[in-house]
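Let the sequences and hints guide you as you build the complete structure.
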Amino acid sequence: MMKSVLTNVALLVAMVAVAGCQPAANTGGSATTASGTAVGGEKAVYCGLCGEVKGTDKCCAEGAEKCECGMQKGSALCCVELSDDAKGKDMCASCGHVADEGHECDADCEKCTDCGLHKGSPLCCKVKGDDSGAEEDHSGHDHSAE
Numbered sequence: 085m086m087k088s089v090l091t092n093v094a095l096l097v098a099m100v101a102v103a104g105c106q107p108a109a110n111t112g113g114s115a116t117t118a119s120g121t122a123v124g125g126e127k128a129v130y131c132g133l134c135g136e137v138k139g140t141d142k143c144c145a146e147g148a149e150k151c152e153c154g155m156q157k158g159s160a161l162c163c164v165e166l167s168d169d170a171k172g173k174d175m176c177a178s179c180g181h182v183a184d185e186g187h188e189c190d191a192d193c194e195k196c197t198d199c200g201l202h203k204g205s206p207l208c209c210k211v212k213g214d215d216s217g218a219e220e221d222h223s224g225h226d227h228s229a230e
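Be aware that the sequence shown starts at 85, since it is given in the working numbering, and climbs by one per residue.
If you are wondering where the hints come from, they were derived from the structure by calculation, not from laboratory data.
Glycine included, every Cβ here is placed at the ideal spot set by N, Cα and C.
One or more hints might be untrue.
As the list claims (entries may be wrong) - Okay, derived cross-link-like pairs now, DSS-like style, lysine-lysine, Cα gap no bigger than 30 Å in a straight line: (1) K195 - K157; (2) K171 - K127; (3) K203 - K127; (4) K171 - K195; (5) K171 - K203.
To be verified - Pair by pair, the computed Cβ-Cβ distance ranges are: (6) D192 - S167: 19 to 25 Å; (7) D141 - E194: 31 to 37 Å; (8) K150 - D184: 22 to 28 Å; (9) G186 - E152: 31 to 37 Å; (10) D190 - K157: 31 to 37 Å; (11) G147 - E188: 30 to 36 Å; (12) A145 - D169: 24 to 30 Å; (13) A148 - D192: 36 to 42 Å; (14) G147 - S167: 26 to 32 Å; (15) D190 - L166: 16 to 22 Å.
Right, here's the structure in full:
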């Protein structure tokens with residue numbers, strides 16, 4: 085029984101790793117940056133291609149409606165204006181910095197009192213920090229008429 089459970093877990097991990105988002109061309113991104121889920125102590129990572137949390141069913145979902153900004157409509161990164169060095173790259177939902185492979189949040193970094201992310205990070209005050217539910221801020225774009 086235990087062997088069967090371990091085999092199923094190993095298969096699930098392999099499927100998630102293989103089916104994850106692909107990196108954007110010439111971004112330096114990685115398809116294996118992180119699992120993208122907050123389960124098991126791993127930090128959530130927003131996909132640089134679709135704006136959803138990596139590793140979820142919504143991430144790069146086939147047939148998902150795209151916004152005019154290029155991200156999936158309603159995703160955390162939908163209509164978020166990023167600097168050129170952050171565009172198209174996976175972003176850490178906990179600190180707001182680019183989530184390159186091996187990314188670790190800086191525990192000593194000053195947190196923004198408004199959004200909870202690291203002050204001055206590319207996502208600072210553009211999305212809410214992971215601790216507050218990673219709610220998106222679409223103040224720059226109204227989806228209600230679409």
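Evaluation of the provided hints:
no.: 1; hint: K195 - K157; verdict: holds, 28 Å
no.: 2; hint: K171 - K127; verdict: holds, 20 Å
no.: 3; hint: K203 - K127; verdict: holds, 18 Å
no.: 4; hint: K171 - K195; verdict: holds, 22 Å
no.: 5; hint: K171 - K203; verdict: holds, 18 Å
no.: 6; hint: D192 - S167: 19 to 25 Å; verdict: holds, 23 Å
no.: 7; hint: D141 - E194: 31 to 37 Å; verdict: holds, 35 Å
no.: 8; hint: K150 - D184: 22 to 28 Å; verdict: holds, 25 Å
no.: 9; hint: G186 - E152: 31 to 37 Å; verdict: holds, 34 Å
no.: 10; hint: D190 - K157: 31 to 37 Å; verdict: holds, 32 Å
no.: 11; hint: G147 - E188: 30 to 36 Å; verdict: holds, 35 Å
no.: 12; hint: A145 - D169: 24 to 30 Å; verdict: holds, 27 Å
no.: 13; hint: A148 - D192: 36 to 42 Å; verdict: holds, 37 Å
no.: 14; hint: G147 - S167: 26 to 32 Å; verdict: holds, 30 Å
no.: 15; hint: D190 - L166: 16 to 22 Å; verdict: holds, 19 Å
Hint check: no violations occur; every hint is consistent with the structure.
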